[in-house]
Amino acid sequence: MSHLGDPSAPLLGAGDRTHPARGPIQTLDPRARILAVIGFAGVVILLDQPVALGVALALALTVAALARLPLRRTLRQLAAMDAFVLLMLLMLPFTTPGHALFALGPLTASAEGLRLAVDIALTANAILLMLLALVGELDPVVIGHALHRLRMPTVLVQLLQFTVRYVGLIDAELDRMRIAMRARGFVPGTNWHTYRSLGYALGMLLVRSLERAERVLCAMKCRGFSGRFPVLDTLHFRRIDAGLAALTMLALTGLLLLEWRLG
Amino acid sequence: MRPRFQGPLFTLRGIQFDYPGCGPVLRGVDLALAPGQRLALTGSNGAGKSTLLWLMLGLLTPSRGEIVAFGKPRRVEADFTEVRRRAGLLFQDPDDQLFCPTVLEDCAFGPLSLGWSRAEAIAAADHTLEQLGLGHLRGRVTHQLSGGEKRLVSLATVLCMRPEVLLLDEPTNALDEHTRARLLAILDALPQAMLIVSHDRAFRERLASDEHQLRDGRIAPLAHPL
Amino acid sequence: MHILDGALSLPVLLGASTLAVAGIAKGARELDLQRIPAAGLLSAVFFVASLVHVPIGPSSLHLIMNGLAGLILGWVAFPALFIGLLLQAVLFGFGGLTVLGVNTLNIALPAVIVFYLCRRGVAGPNATLAAVWGATAGALAIALTALGVAAVLALSGEAFIPAAKLVVIGHVPVMLVEGLLCAAAVTLIRRVRPDLLGVMSRSASASASARATAGADSRAPHSSPVQPPSEQPAPVFSEQPARLTR
Ligand SMILES: Nc1ncnc2c1ncn2[C@@H]1O[C@H](COP(=O)(O)OP(=O)(O)O)[C@@H](O)[C@H]1O
Ligand SMILES: [Mg+2]
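Protein chains in written order, with the UniProt record's numbering: chain E, 1 to 263; chain Y, 1 to 226; chain W, 1 to 246.
These aren't lab readings, by the way, just hints derived from the structure by calculation. Don't take every hint at face value.
Only some residues are given here: those of chain E computed to face chain W with a beta carbon under 8 Å [said to hold, decoys possible]:
#, residue
1, Val55
2, Ala80
3, Leu205
4, Leu206
Residues of chain Y clear of chain E, computed beta-carbon distances all greater than 10 Å [as the list claims (entries may be wrong)]:
#, residue
5, Gly23
6, Glu66
7, Arg84
8, Leu132
9, Gly139
10, Thr157
11, Val158
12, Thr179
13, Pro191
14, Asp200
15, Asp210
These numbers come from a predicted model, not from an experiment. Quick reminder that beta carbons are idealized off the backbone N, C-alpha and C, glycines included.
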């Protein structure tokens, strides 16, 4: 199965929470981190000036360094764009009208197009890097707790928690099915047999998961489930988190000012 | 804790059940469980043991027959709400039972559902976890536990509700020798009446005082009395 | 296909996000507490499915499977697929943060459309016809997703129009593969648990039990002497798993 990270790592569950914090970022309250990245993203998509965007990216790089993001995995994640997206970025200079910059055969690249492509690349990478640095290292369970405290609708939080709880199980189940298929001589290829078998496996996965959901609901009833879904967490907002909030506000205001002065 | 109920805890009479389109599974089961009794239930795979436990808690509905639990006949969903809080079912698959993100939340789920306060629920959860020697798992994420840990934590989630009866569905499945011994010691020290479904002969013999066999949809006379 | 942060114009971003929020809210309203475990497990299934590589020619592609999601989830596809996209973005850096709403809309709206167009077809009496409807559902959902992506790109600026065209053309093989997979999945589900198609949608299950006769409503046969069915709270699923006996 193609996990995007380390294939031997569990599908979800970025880290064992018993690990000591690895950097200053890891000691911050998850809620503050989530709000910071949302604020950052909201500001960065408003920026147009390459310089301002460059500063934003530098900021994201700094935070990523503070978070001690593993270099290799992060680069892989940044590079894991769709072929379409990449193609789109490469096409932009040639499809945007404007001052001709250089020619490639019959195509001419425009300065405006090049700048647009650079803008998009900077924006996307800055936001992505900040997201991975501030939130990506959190355990998904903690993300659920934090979103609950941040007033995300209860239904969605519960949905998230069930998803996080069972994704590993379902992944393992699909893995076992695929191993069983291979053990019987199955070689995936571009043919009806492959697509049918995979379709069967996915259909079976759905059926089994829904049957498990019935049993889970029974287990909930057995424990007096009455419609209330308690969330217990250990989140504490401390002075250092207020510091992060202030710093974020400062940085974002700075970015906006820079954009305004340059524009 | 409420005073223990003195009469039979469960009395089943002529329970019949079939899954739609699958032919009859149970064809008239009679069973009684007395306070303090530890009753083992055996039967081949697919004999309907799990089904029987589910019926006892109203998770399935018999097509015919009567279930009396804690002195009252139980028929509709509302009747079983009380039964479920007084009788704890240990599911065959711990992954069905542990549905909360963390161990503590899972243990506190039952007490909170019973309307206990947050502090009481957490205290009960912590107390039970300590009692079972699982205190160190408190903050762990449930889906990252090992199989044996999951089994013991599921037992903790059941015990947190202070049930009067335990219904155990193949509790030693897939446990290593050490964890199995630990589970046995824990269960053996508990005062509750138990109905134990198990294929583990030594385990049954250590724990149970009586043994029934489910065969052809009925409780059959015992082939080898203990 | 995921759109990047920064590629779309602000009005498009805001418009699409608003629509996505409306869709998520509508789907969430269909989720009472009894359905949440099922919806959560299904959103996990589609999350896992979206990580599967399927070979096609010399290359391979990621599945989306929003057609199948629509057939089973109806409007609940919106919150369920949103959760999947959220996790992908946050944990793998897959897709952007500000385009979460756009991506949700582009993937979940086709699922809902497919639900209305194809659900009856995949539940019909003829197995071959049902498979054809399944294939239609799988392929159509991808086609609509590609069109949605193309539309938000084209609306964001003329420079994106060639890229938008490319997206539509590039998704043709994906359509074919997902159509075939969806047909197979529908065939399997019809054989194993036909009652599950559309199980998450209130409107669908209501109409299903209205149409149900004799054994189709699984609660009925067991209710006779012991348990009057009217006393039961509305179950997520039938209390006993139903096997349609046709
Ligand atoms: N959800 C279900 N739908 C249809 N048949 C089922 C279902 N669950 C169990 N069965 C069937 O009922 C019988 C009894 O199952 P079960 O009670 O789980 O057996 P045991 O626990 O004794 O191994 C088996 O033949 C099984 O195939
Ligand atoms: Mg069993």
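For this session: Could you tell me which of the numbered hints above are not met by this structure, giving the numbers in increasing order?
Result: 1, 7, 9, 10, 11
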